[in-house]
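Asker: Next come the chains, spelled out residue by residue.
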Amino acid sequence: MNLTSPSALGWLALALPIVILYVLKIRMRRVPVSTVLFWQQIFDEHQPRSLWQKLRHLLSLLVQLAFLALLVLALTKPYFPWESTAARRVALIVDNSASMNATDVAPDRLGQAKTIGQGIIDALRHRDEMTIITAGTAPRVACGLTGHQRTLRGALADIEATDGPTRVAEAVTLARRLIGDRDQGEIILLSDGCFEDDEEIIGAEDLQFVSIGKATDNVGITQLQVRRSLGDPIGYEILTQVSNLGESEVSCRLEIDLNEEIVDVVPLTLAPGETWSRVFEKTSALGGRLVARLNHTDRFAPDNQAYAVLPDRPPQEVFLVAKDNLFLQKVLEAHPVVRLSLAERPPETVPPGAVLVLHRHAGNTLPTGNVLVIEPGGSTPLWTLGETLSNPIVVKEERSSPLLRHVRLNNVLMPEARRLEPLTDADVLVESVSGDPLYLTFDRGDEGKALVLTVNLDKGDLPLRTAFPILVTNALHWFAGDQGELRESLTTGSLTEIPIPSTEAATWNLVDPRGEELALSIADGKATIGPLDHAGIWTVRPSSIESAEDEKRVEPARMIACNLASKRESDLRVPRASLDESALLRAGWGGRPLWFYLVVLAWLLVTAEWWLYQRRWIG
Amino acid sequence: MALFGSDFLRKLEYLSLVSRRTFRGQLLAQRRTMQHGGGIEFSDHRDYAPGDDFRHLDWNVFARHDELLLKRFQQEEDLHVYLLLDASKSMGFGNPPKFDLARRLAAALAYIALADLDRIALTVFADTIVDDFPLARGKARILTLMAFLEGLELRGRDTDLRGVVRSFVHRSQRRGLAIVISDLFDPKGYAGGIDLLRHHGYEPHLLQLHDHTEANPTMLGDVELEDIENGSVRKVTVTEANLRHYRQLFEDFQKGVDDYSHRYGIGHTRSTADVPFDDLILRMMRAQGAVR
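From first to last, the protein sequence lines are chains A and B. This note's numbering numbers the first residue of the first sequence as 1 and each following residue consecutively. This note's numbering numbers the first residue of the second sequence as 1001 and each following residue consecutively.
Hint data in this document are derived by calculation from the structure and do not stem from the laboratory. A couple of the hints might just be wrong.
Stated by the list, open to error - The calculated label-pair distances, taken between Cβ atoms and stated as ranges, are:
no., chain 1, residue 1, chain 2, residue 2, range
1, B, Asn1216, A, Gln118, 35 to 45 angstroms
2, A, Arg127, B, Met1219, 49 to 59 angstroms
3, A, Gln40, B, Gly1138, 10 to 20 angstroms
4, A, Gln40, B, Asp1258, 35 to 45 angstroms
Stated by the list, open to error - Calculated cross-link-like contacts (lysine to aspartate or glutamate; reagent style EDC-like; alpha-carbon spacing at most 20 angstroms):
no., chain 1, residue 1, chain 2, residue 2
5, B, Lys1235, A, Asp44
6, B, Lys1011, B, Asp1279
7, A, Lys214, A, Glu196
8, B, Lys1188, A, Glu421
9, B, Lys1011, B, Asp1259
10, A, Lys396, A, Glu421
What the hints assert, rightly or not - Computed list of chain B residues with no C-beta within reach of chain A, every gap over 10 angstroms:
no., residue
11, Val1061
12, Lys1139
13, Phe1148
Every residue, glycine too, gets a C-beta built ideally from N, C-alpha and C.
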């Protein structure tokens, strides 16, 4: 037997005062009595027991010494050599993915996993170590290797349910890394089996799989996306997918609403295993929260509701300075979000958010603000105007630019386009075969954006092409910044980046669908968000927002929709061959440290001494 | 507080009045002794012996039966009251000490007796007779007696009532009432001494005193029991069971005194030491049927 703390043997010195006190005997209390007649009768009757009474005191001394010896031995924390070699290192992987929220078992699958986990912790033997790893959304070590059962129990109880995907493979890898090459290493997986590569994982020798839950039918929304229409500036399209992941036919109703206003209701009848999908086309200049709800009761709620964020289309002020160009005027008037104003002269400054369109502008300066110059009429500090190009042929288009999205200009006739030589840094989007820029942008810093199209609209056929309104729409979107961009609905567990305006607030918070806030760290004007572990609408907002009124003003562009959107998680029909967990619970029977038994023995001795003491008083 | 203060004397006077009104002739005074002599009340006959006074011959019996029988008459005499006061150290036990009540009782009984023209004598004893107040008559002697009582001290070792009574009865004195005021804690037994009194023609009366803690001790655990009479020490471990046993033995002892008194028709009054002496005297009177 080895001692962990041999220095604790020094406490044995306490035996000395115990023996001294016994030898000296504390002076007995003297009680005067008027006569000892009666006492003599009592004690003379019990004379045969006097030897026992003397021994009783000696026995008390021995019990006290034994008590001290046991306590001191317990303080040294003794252990047998085999204890350290037989100690196990256990990695308990708890699946807290979305499917573990299913309520086919009480209270839910995660709750049952925790109950089993608590039993496994209770069954740990002395010197065993355990780590707890969660396998939902992203593998996370909930508790490092420790043998302290209370810590382990607390960590297990603190594991929260997520709506994320199962990451068992990564969790098992992490567990193997933590266990190392220990001979007595064990991995215990508590999961419902809703994950990929299951056979390989479950079949591993060092892993014991405990299946949670039972095969259950489920119907869920497995996809919801929304985007602005390419042709209609205020139109949008909703992609919806509903799957019946059960063994029987299901009738239900799909309801879609935008900002709590009903958009559509679709009755559905789905055959077993059927996946139904449809694209809805709707129009609205307003953006906001789009929610799809499945009116169906089943054992798995997270996929009965899905979210999307529809970008807003706010009105855009456009000032047109042009002479008799109906093409340009009409294409702007036809744009549903444009508020067009005609002007004779360009203003000195363009209001923020507005766009000034200059046609054949002959001035030598550009006003401050966003300016679209078509067929420039003179030189400016940004460029020098040259001769006309007789019939330029487009050979280069910057197709990745949002300004040329869905636009092809390579076979468009553009006679008498103006030659233009940039004097500052310019981004050429369309270039002719002679190398002359036809469509280019200037970054004027704080003075705003400038976009120049050198094409003569009266001579060419560009105004007659479908590309022209798209070109103008792209330009207006470009001037408007990110407004109107599509923000994709993300799946749980994913990461994303969101641009943060540097001017609005110093600190920003991320608010999850449950309303809990987390401070964001911003780098280079962007914040990385995720992995998103709950389905719903996540919001990025300045930390200064406190009231509900302020919250309503959060722009849709700063809202992120997050959905489960995973057939694997929604499919609860996953029967698995599982280990009987009772085998795990038996593993630690009687597994207490030696010092525990020594303390118990000491406690028994105290009881014996107490009995002896009481015998002296009560008889 | 003085042993015999003004309050004590006032109570004595009251007791004296009560005793004259109702007690007189029943307990102490005018009590018929067994002395035969010149009284007027016929007692019995005895055979004539030469030298007897012819005047006492019963001529009627001689005329009828031809026998010479002498008529005997009971002689009325004033009563002799002997107070035997225990002054052993065990009488100093308790709060208040038993000895204080014992002395007050002795003074009170003496006063009542003296007030009825009886004679009293006080014998103080422990292991032997340690002091005496000689036979006295007349109320005037009460103050002397009180001074005597106040001057008494506890002394001696183990109480020896038999030895004390043996010395007492061998004195040449008239028989009378012998009131023993004691706790009766005699290692050799109290009965031997009382028997001697009876056998020698005294009429004993027991006034037994004890303290509450003697009847119901509370000490527990390892203790040294010190006998305050002889100073002996005994180391014992007192348990609850021992205490129960002690109480039973004490109760048996008291019952033994009761039985003994009843068996021999001895007057017996028992009390704790914390009761007023006048209450106890009245209780004695009630026990004798003098007061209701």
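Asker: So the hint says 49 to 59 angstroms: do the beta-carbon atoms of Arg127/A and Met1219/B match that?
Answerer: About 53 angstroms separates the Cβ atoms of Arg127/A and Met1219/B, which means 49 to 59 angstroms holds.
Asker: Looking at Lys1139/B again, its CB stays over 10 angstroms from all of chain A?
Answerer: holds, 35 angstroms
Asker: Just to be careful, I want the Cα atoms of Lys1188/B and Glu421/A compared with a cutoff of 20 angstroms; is the pair within it?
Answerer: violated, 146 angstroms
Asker: Should the label of Val1061/B as a non-interface residue stand, given a Cβ cut-off of 10 angstroms to chain A?
Answerer: Correct as stated: the minimum Cβ-Cβ distance to chain A is 56 angstroms, above 10 angstroms.
Asker: Is the Cβ of Phe1148/B more than 10 angstroms away from each Cβ in chain A?
Answerer: holds, 24 angstroms
Asker: Keeping to a limit of 20 angstroms between CA atoms, is the pair of Lys214/A and Glu196/A held or broken?
Answerer: holds, 18 angstroms
Asker: Would the hint linking Lys1235/B and Asp44/A be met if the CA-CA limit is 20 angstroms?
Answerer: The given pair, whose Cα atoms are some 13 angstroms apart, holds under the 20 angstroms limit.
Asker: Taken at face value, is the distance from the CA of Glu421/A to the CA of Lys396/A at most 20 angstroms?
Answerer: Roughly 17 angstroms separates the two Cα atoms, so the pair holds.
Asker: How does the Cβ-Cβ distance of Asn1216/B and Gln118/A compare with 35 to 45 angstroms: does it lie in that range?
Answerer: Violated, since Asn1216/B and Gln118/A (Cβ atoms, about 58 angstroms apart) do not stay within the stated range.
Asker: So if I understand the rule, the pair passes when the alpha-carbon distance is 20 angstroms or less; does Lys1011/B with Asp1279/B pass?
Answerer: holds, 10 angstroms
Asker: Take the C-alpha atoms of Lys1011/B and Asp1259/B, compute the straight-line distance between them, and say whether it is at most 20 angstroms.
Answerer: Violated - the C-alpha atoms of Asp1259/B and Lys1011/B are around 32 angstroms apart, more than 20 angstroms.
Asker: Taking the Cβ atom of Gln40/A and the Cβ atom of Gly1138/B, is their distance within the range 10 to 20 angstroms?
Answerer: At 47 angstroms between Cβs, range violated.
Of the numbered hints given earlier, the model fails hints 1, 3, 4, 8, 9; all others are met.
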